[in-house]
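> What follows is each chain in one-letter form.
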Amino acid sequence: MDTLVTITVVSRSSSDADEAIDKGFHEIERLEKAANFYSPDSEISQINTHAGISAIKVSSDIIDLLTKARYVSEKTDGAFDPTIGPVIALYDFHKKIKPVDAAIRKNLSLVNYHDMVINRDQSTVFLRKKGMLIDPGGIMKGYAAGRAAEVLKKHGIGSGIVAVAGDIRAFGQKPDGSPWRVGIRDPGAQEQDKVMATLELRDMSISTSGDYERFFILNGRRFHHLISPKTGYPAEECQSASIITTDGALSDAFATGIFILGPEKGMKVLEEIGLEGIIIDRKGSLHTTPGIRGRLELKNPA
Amino acid sequence: MFFLLLIILSLSGIFFIKEILPESQTVLIDADGKPAYVLPFNEDKTVSVEGSEGKTIVEIRGKKVRIMDSPCRNKICIRQGWVETGGVVCLPNRVVVTIRGHEDNDRGFDAVTR
Chain A
71 MDTLVTITVV SRSSSDADEA IDKGFHEIER LEKAANFYSP DSEISQINTH AGISAIKVSS
131 DIIDLLTKAR YVSEKTDGAF DPTIGPVIAL YDFHKKIKPV DAAIRKNLSL VNYHDMVINR
191 DQSTVFLRKK GMLIDPGGIM KGYAAGRAAE VLKKHGIGSG IVAVAGDIRA FGQKPDGSPW
251 RVGIRDPGAQ EQDKVMATLE LRDMSISTSG DYERFFILNG RRFHHLISPK TGYPAEECQS
311 ASIITTDGAL SDAFATGIFI LGPEKGMKVL EEIGLEGIII DRKGSLHTTP GIRGRLELKN
371 PA
Chain B
70 MFFLLLIILS LSGIFFIKEI LPESQTVLID ADGKPAYVLP FNEDKTVSVE GSEGKTIVEI
130 RGKKVRIMDS PCRNKICIRQ GWVETGGVVC LPNRVVVTIR GHEDNDRGFD AVTR
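Just so you know, the sequences run in chain order A and B.
Here the first sequence is numbered in our numbering, starting from 71 and rising by one per residue.
Here the second sequence is numbered in our numbering, starting from 70 and rising by one per residue.
Please keep in mind that the hints were generated in silico from the structure rather than gathered at the bench.
Heads up, a few of these hints could be off.
[Said to hold, decoys possible] Which residues of chain A face chain B? A few of them, derived with a C-beta cut under 8 Å, are:
| no. | residue |
| --- | --- |
| 1 | Thr73 |
| 2 | Arg82 |
| 3 | Ser112 |
| 4 | Gly236 |
| 5 | Ile238 |
[To be verified] Now the in silico label distances, taken between C-beta atoms and shown as ranges:
| no. | chain 1 | residue 1 | chain 2 | residue 2 | range |
| --- | --- | --- | --- | --- | --- |
| 6 | B | Arg176 | A | Thr301 | 44 to 52 Å |
| 7 | B | Asn143 | A | Glu367 | 43 to 51 Å |
| 8 | A | Arg100 | B | Glu119 | 47 to 55 Å |
| 9 | B | Thr115 | A | Asp317 | 45 to 53 Å |
| 10 | B | Leu108 | A | Gly247 | 17 to 25 Å |
| 11 | B | Asn143 | A | Gly361 | 56 to 64 Å |
| 12 | B | Leu108 | A | Gln243 | 17 to 25 Å |
| 13 | A | Glu220 | B | Asp101 | 45 to 53 Å |
| 14 | B | Lys103 | A | Glu367 | 17 to 25 Å |
[What the hints assert, rightly or not] The calculated DMTMM-like cross-link candidates involving lysine to aspartate or glutamate, where the alpha carbons are at most 25 Å apart (straight line), are:
| no. | chain 1 | residue 1 | chain 2 | residue 2 |
| --- | --- | --- | --- | --- |
| 15 | A | Lys300 | A | Asp246 |
| 16 | B | Lys114 | A | Asp131 |
| 17 | A | Lys353 | A | Asp246 |
| 18 | A | Lys224 | B | Glu88 |
| 19 | B | Lys132 | A | Asp246 |
| 20 | A | Lys224 | B | Glu92 |
| 21 | A | Lys223 | A | Asp92 |
| 22 | A | Lys224 | A | Glu89 |
| 23 | A | Lys223 | B | Glu122 |
| 24 | A | Lys127 | A | Asp185 |
| 25 | A | Lys103 | A | Asp147 |
| 26 | A | Lys224 | A | Asp162 |
| 27 | A | Lys168 | A | Asp246 |
| 28 | A | Lys224 | A | Asp92 |
| 29 | A | Lys199 | A | Asp246 |
| 30 | A | Lys103 | A | Glu283 |
| 31 | B | Lys133 | A | Asp131 |
| 32 | A | Lys93 | B | Asp101 |
| 33 | A | Lys223 | B | Glu88 |
| 34 | A | Lys93 | B | Glu88 |
| 35 | A | Lys264 | B | Glu88 |
From the three backbone atoms N, C-alpha and C, an ideal C-beta is built for every residue, glycine too.
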């Protein structure tokens, strides 16, 4: 799983900036280590291997992460569900393997965030059923970007932008006083850096879930990694969903959940909670929350 | 000055790129086709650079720049006077003075969310 992390800061001293950036990178590494689904030593893996057996004591970071995950699960009515692990594990995006229906149905019974028990007082997490798996992929990068930005600020940086793959946190302004500007990837384009619109990011986080990130095509059908916890199959109503909030973990998790909910239900949830977002539906049409409309600079207005 | 450093951590699969943008604008002085000075625009300073015909004196004061003296024949560069943006050149002596802000992002954005 290759992740590109870019940290850009504004500073008058390159040695101060260097130090702050190094601390920012270490924060991301530290969190990645704690949450890595594929590493047997991570805290998440400890929780997973003890599913149905015992509660595991974890760091406050993981409690924070999973509490936010649960919140988004509740608000998206389970469209985002961090316990989706057993179903995603059935797909192999490298070998282009799609599971059979029976396997999906079997593993779907293990997907339910209500069976993830978080005990804040004891700082423990328990998965009730054997075979349950937490996969933090849908929330981790945004969480890390937000935390790295906090570390930069703590080390005297007044303005910067942290990108963990496509999950971005910006704070402060650029040297000329203008805000950081983020491009939204055009989901229909092959190239990673082709954008369909740009947006100013003023002390906010933005995350995007897209059907182009991890996928394979089988018999003309696209199988991507944004699996619906209800059906066990990739959600098909959106090409991408981008969410803007003050919290990186929430923007990442909501992007996943809103993508899976689709444009109608997704927009409704965003408006209910008061979050800003952009959805590009499967036909390529743009849906935006009212607050974004005036702020989005479209590259090629239709 | 931009500093771009690529640090590869092959164990974790995370690749880091760091970028530091200077807070203020800078003055670049190239002499004889090569960079000679990069100076902060907000600090008063007078420097001398060696061009192909001799020494050109460049002065930065009050966030303005000028060529104060130069060995060229017509002294066109000196007659340019103080500039606040862009730059000033002495062609015969091959000295180029440019005022640079943060690098203007010609892509139009600083990062891509995907």
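> List in ascending order the numbers of the hints, as given earlier, that are violated by the structure.
3, 6, 14, 15, 16, 17, 23, 25, 26, 27, 29, 31 and 32
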